[in-house]
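Q: Okay, here's what each chain looks like letter by letter:
2 protein chains.
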Amino acid sequence: MRTFDEYRILVEKRLPAMVPAVLYHARTIHDSMLYSLTAGGKRLRPVMMLAACELAGGDIQVAMPYACAIEFIHTYSLVHDDLPAMDDDELRRGKPTNHMIYGAGMATLAGDGLLNSAFEVMINDISGCPADMMKSRILAAKTIVEGSGVNGMIAGQVADIEAENAGETASEELLEFIHLNKTAALIKASIKAGLYLGGAGPELHKAMDEYSSQLGLAFQIADDILDVTGTTEEIGKPVGSDEAANKLTFVSVYGLDEARKKLHEHSQLAIKALDEIDGDTEFFRKLAEKLEKRSK
Amino acid sequence: MRTFDEYRILVEKRLPAMVPAVLYHARTIHDSMLYSLTAGGKRLRPVMMLAACELAGGDIQVAMPYACAIEFIHTYSLVHDDLPAMDDDELRRGKPTNHMIYGAGMATLAGDGLLNSAFEVMINDISGCPADMMKSRILAAKTIVEGSGVNGMIAGQVADIEAENAGETASEELLEFIHLNKTAALIKASIKAGLYLGGAGPELHKAMDEYSSQLGLAFQIADDILDVTGTTEEIGKPVGSDEAANKLTFVSVYGLDEARKKLHEHSQLAIKALDEIDGDTEFFRKLAEKLEKRSK
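As they're listed, the protein sequences go chains V and A. Sequential numbering from 10 applies to the first sequence in my numbering. Sequential numbering from 10 applies to the second sequence in my numbering.
Take the hints with a grain of salt, since some may be wrong.
Put simply, identical chains are the same to the list, so a pair is met inside one copy or across any two.
Said to hold, decoys possible - Computed list of lysine to any residue pairs in SDA-like fashion (alpha-carbon distance at most 20 Å, straight line):
#1 Lys22 with Asp232
#2 Lys256 with Thr47
#3 Lys271 with Asp40
#4 Lys256 with Gly112
#5 Lys144 with Gly112
#6 Lys144 with Asp134
#7 Lys270 with Leu213
It is worth saying that the hints were derived from the structure and are not from the lab.
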């Protein structure tokens, strides 16, 4: 197994080349998609997919198109989320958001283009592979598409809008729903798709499902804590912007101390799930630990 | 072969059920997606797909998920196109546009949800079918995804924005690029996907590629003519709205008479392409004729 940074560098190298070349008159969308794709980011989802593929004994080159596809999907969701019609953010990772550079119309299309390109990359890979190797790729694509869909990531974003409308009356249960879907669904899908592509058996799937559920929640809690305690430099957007937007977050609902306690609990449960696995789970243990430390 | 209306009714019946059920807290997006999906429309793309499948000797039930998927994609493109950040239209098919009812944020997500659901429907169908029947379905999905992507429909929308920015200096060649991609790409993909699903041979593919290229152009010219000559009732939005938005159209570039002549030429070329086909091409001949008459 490699380190997070080793996987990340492999992804960074491959990512720009996976964006479909675009015909002359439409070249601006290529720039716009590349702008957001290469504007930094931890590459958490593709890295987890490659690591899960190797954990299952697979070849990461098989998983690479799907890893890039999930980063396309994550990036499109950020581009659309930042739009004036949604969160209306001007900064993302310390840089102007896509629509600040290309305008809201082009940013809408760039998001659409990234989502569509994610499917293009996956279906091209499926269509080009030998018949006996199709099944695991189809299951990986299915897992990713469900994770990003109206019962996954998009459901979380919808509930986020609903919660803003509900204001004070929004419930803790709604908060969990938002985060389970908005962030955790795609994180879970990354790991599960990697396991399919690596040929994992049912026991490994089961243990890693538990791991990724816990990690997804921990990830969102850490993000909510950082929004309050981090510096603008660390989080790439103004400190307290969730608070300013009256967002329902783990900190706004439980307070900072309780949120930290919950982060610790979910990180520990994630690590505990790894005990069931007979193999080198060092990467995933470190990942959960790092996540908790990041928000200290 | 059935008539246009017979195919259309089959599609209308199936379409709402193909929208993924959505979890409680995110149910608004289900309403929003359904609102635009059921707000009328000719169902041209799914109908052509079913007809192409039957022309090739296939079973339309095999093509149905893909037919619904392409209507999802067409619908999402309209929802996003109408957004304030894009064309800022308040009426579509005589009804308030999606964002007028649900707000621009939810309409953005509904568009994303429709695009994602299109892939969900297709990959679920692929994953559930017997291994020896996968290939034609994968090719159909690939054709649809490429047609809707950054070298298909999205390219046309990008060039449309570019043309508006270019104003007077926009060229005739740019006009053709826009329409070949914005409308014709998905029309071509509908027919081609239907042929794959019906098991067509290379000769039928070749003849129908020519037919659908010509039909796609004719369709856009007819739309441009209707924008000037139709009534608000006929076209479902204010007459002359393209002109008001300074849009590059066949009418603005060539004038009404020349545009009508071009429509006739492309319709005739479409019909001529059918001569090469040994089979019942009545449906497709009638479709080209109807298109020309519609804008008279």
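Q: Look at each hint and say if it fits the structure.
A: Now for the hints, and whether the structure bears them out:
In this homomeric assembly, Lys22 and Asp232 never come within 20 Å of each other (Cα to Cα): the closest approach is 27 Å inside a single copy and 44 Å across copies. In this homomeric assembly, Lys256 and Thr47 never come within 20 Å of each other (Cα to Cα): the closest approach is 28 Å inside a single copy and 33 Å across copies. Proximity of Lys271 to Asp40 under the C-alpha cut-off of 20 Å is found in neither arrangement, the shortest distances being 41 Å within a copy and 35 Å between copies. For a Cα distance limit of 20 Å, the shortest separation of Lys256 from Gly112 across copies, 18 Å, qualifies, whereas the shortest one inside one copy, 25 Å, does not.
Taking identical chains as interchangeable, the C-alpha atoms of Lys144 and Gly112 are never at most 20 Å apart, the minima being 41 Å within one chain and 40 Å between chains. Taking the closest pair of Cα atoms, Lys144 and Asp134 come within 20 Å of each other both inside a single copy (12 Å) and across two copies (13 Å). In the homo-oligomer, the alpha carbons of Lys270 and Leu213 never lie at most 20 Å apart, since the shortest distance is 28 Å inside one protomer and 65 Å across protomers.
When held up to the earlier numbered hints, the structure conflicts with 1, 2, 3, 5, 7 and fits the remainder.
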